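Starting from the given sequences, assemble the full structure and let the hints guide the process.
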Amino acid sequence: MATLTDAEADELARELDELRREVAGDLGEADAKYIRRMIAVQRGLEAAGRVALFGSSRRWLWWGGTACLTVAKVLENMEIGHNVMHGQWDWMGDPKIHSTTWEWDAAAPAYQWKHSHNVLHHTYTNVLGRDRDLGYGLIRMDPRQKWRPVYLLQPFYNLALAALFEYGTAWYDLAAQVEIGESSEEELRRQAGDILRKVGRQVAKDYVMFPALAGRNAPRVLLANLTANVLRSIWAHQVIFCGHFPGDVQVFEEEVLEGETRGRWYQRQLLGSVNIEGGPLLHVMTGNLSHQIEHHLFPDLPSNRYVRIAPQVREICARYGLPYHSGPLVRQVGRHWKRVVRMAFPGGR
Amino acid sequence: MTTGSGRWSDAGAMLGAAARWLTTPLLPEDYLGWVNPLWSAAQLRGRVEAVRAETADSATLLIRPGRAWAPHRPGQWVRVGVDIGGVRHWRTFSLSSPPRRDGRITITVKAGPDGFVSSHLVRRTRPDTLVHLGLPDGRFVLPARLPRRALFVTAGSGVTPVMAMLAQLAAAGMTSDVVLIHSAPTRDDVIFGTALRAMAARFPTMRLHERHTREHGRLKAADIPELCEDWADRPTWACGPPGFLADLAEHWDTHGIGAALRQESFHPLRYAEDDGDGGRVRFTLSGKTAEAEGGTPLLETGEAAGVLMPSGCRMGICRSCLTPLGEGTVRDLRTGELTSGEGKYIQTCISTPVGPVELRR
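Protein chains in written order, with our numbering: chain Y, 1 to 349; chain G, 350 to 710.
In short, the hints are calculated from the structure, not lab data. Note that this is a predicted model, so its numbers are computed, not measured. Every residue, glycine too, gets a C-beta built ideally from N, C-alpha and C. Certain hints may be false.
[As the list claims (entries may be wrong)] Below are the EDC-like pairs computed for lysine to aspartate or glutamate, each with C-alpha atoms no more than 16 Å apart in a straight line: (1) Lys96(Y) with Asp432(G); (2) Lys33(Y) with Asp432(G); (3) Lys96(Y) with Asp379(G); (4) Lys693(G) with Glu707(G); (5) Lys338(Y) with Asp142(Y); (6) Lys569(G) with Asp596(G); (7) Lys96(Y) with Asp596(G); (8) Lys693(G) with Asp94(Y); (9) Lys146(Y) with Glu253(Y).
[Stated by the list, open to error] Distance ranges between label pairs, derived from CB positions: (10) Leu479(G) with Glu103(Y): 19 to 27 Å; (11) Gly636(G) with Arg14(Y): 35 to 43 Å; (12) Arg37(Y) with Pro673(G): 25 to 33 Å; (13) Glu255(Y) with Thr441(G): 41 to 49 Å; (14) Leu196(Y) with Ala598(G): 58 to 66 Å; (15) Leu484(G) with Gly200(Y): 28 to 36 Å; (16) Arg21(Y) with Pro673(G): 23 to 31 Å; (17) Asp451(G) with Leu329(Y): 56 to 64 Å; (18) Arg37(Y) with Gly607(G): 49 to 57 Å; (19) Pro673(G) with Gly200(Y): 24 to 32 Å; (20) Leu281(Y) with Ala368(G): 27 to 35 Å; (21) Arg14(Y) with Arg401(G): 29 to 37 Å; (22) Asn385(G) with Gly279(Y): 47 to 55 Å.
The following block contains the structure:
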């Protein structure tokens, strides 16, 4: 993979570290306002959606309420939850907006997700056998993964995974631990209990409590909540799959991890990530994972900063002759699906 | 009657539980605090209603605390959290008023020469600002049964907790025989100068000695017998800088009446010098101690000492090693940046101690 010499990789690390230091040193009032406003908007949308749905016998209130709730859930998961749990806002010293205390409106308990995502995925990005985000253990995404006949169905169950993505991620960390074999049976049982409790509360809220409060509108509220949850899951799945799989991003063998320097780690993050091009609305709705490259280089820098440092990162890539994968949403979604379909069959490019 | 109120509180508890189901994974609190910041019981806040200048470099802030506030005793202190540049900073201040009927509290702040937070509070805080509050704490208070005689010895902003006690005594008619010896650079630098002088003029049982150090030199413990003959017979409350208090403590001790002296001191946060990383690390929960070399991450120091340290990737990206800092200062090995402040979370995998450090592990 290495097109860079060791000295060049060290120089790359120095430049990117410097960029990181610049941004971290510049954080202030405006950034704090951004996340607080985002949280206020999200809570406002959720409250408005829930209230509107009480009147969901009127068609426009059902559609409006469902739209508000869907957008609220997307923001809650992506621009707020994902980023707060990365510690992007820990610098503010606000115990409420902090990676140690944040719990999100999704089936996966925060502490388990932080392990599977922050520790496993972000450390071992795109390393075969170590990064379980490569197909989530279900989907063959690389020709080096051994083909099995069940993969013929993967275009279909990738769709199912998208719709149920929230529940997939809930069990995902547990599955990773079983695979690694480091956790005791007791520990696994405790964590499974935590998942079931969290799922129970989530299900009770969206499919029992809120419908019950709506009286004769109960079925409509239930359907609206189901719609919001499924749409949020599908959207999150698309964005996440667009982050590392479309086109010719690189997948690595485990050997790269041996004695990997900071520069080589940066290089791996660059080669394994893909950006989505679009406007501010797209960036917010993807939790700024449209700047997957910047996010993977600096996972704990606040998301609102990625858009501003992207030109610098792109320039650095150009100077070192490293690819900077980027494309519009439709093309990236198309490429990810093309790969899912191609890898369903034996062999591969 | 009790069954009736029991039923009501049961209903309240059930309503609370139902609301928690609806707001999960948040708490109903999170929405209440969103409607009105002072309603939150989980995050105590206060609204600054007025800022009154006391001297050129000090001011009194009148604050309406949220509903979770617990009434304080005069002389106690409170932790105040202020957001400056998006970052929350916590400092401790004496409450300068006795409990008031309108529920407001006051703190009186002196802007120190390098006091980042105190300067902000004195010079840049406007009415309507929200601050974060802890609960009142501290044992520097008057006994429940007011003393017949008392001596207060204060320097600079050390007069603030004593002001609250004097106001309490004044409210009770100043039946006690009270002496206040206060030291400040000049007459104009006396915090609460006007109020103290008025109080002394109003109550014959109160005597006020102002010592203006610019003119008459620093106040020493040895000067006190001259200013208050029966000092040794009076229970004494003293507040001021550490050196001042040490002098007093020694004086009282050599006369064998150390127990009669009650002290309160606020030493400013010590920022570590740039020379020499490394130091003694105390793990307060496990009770273990280790010597750490500069450059060695606290995670490794803790593991070597047999402390259970959570960790993830060890590269400073995953944040699973976050640990609350007690006293001390640490350096980020990647950026060289220093962090201190009790309760701040630090990443042990990329932090090394600068001087003695306490970690809650």
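Exercise. Among the hints numbered above, which are violated by the structure, and what are their numbers in rising order?
Worked result: Violated hints (numbers, rising): 7, 13, 21, 22; every other hint is consistent with the structure.
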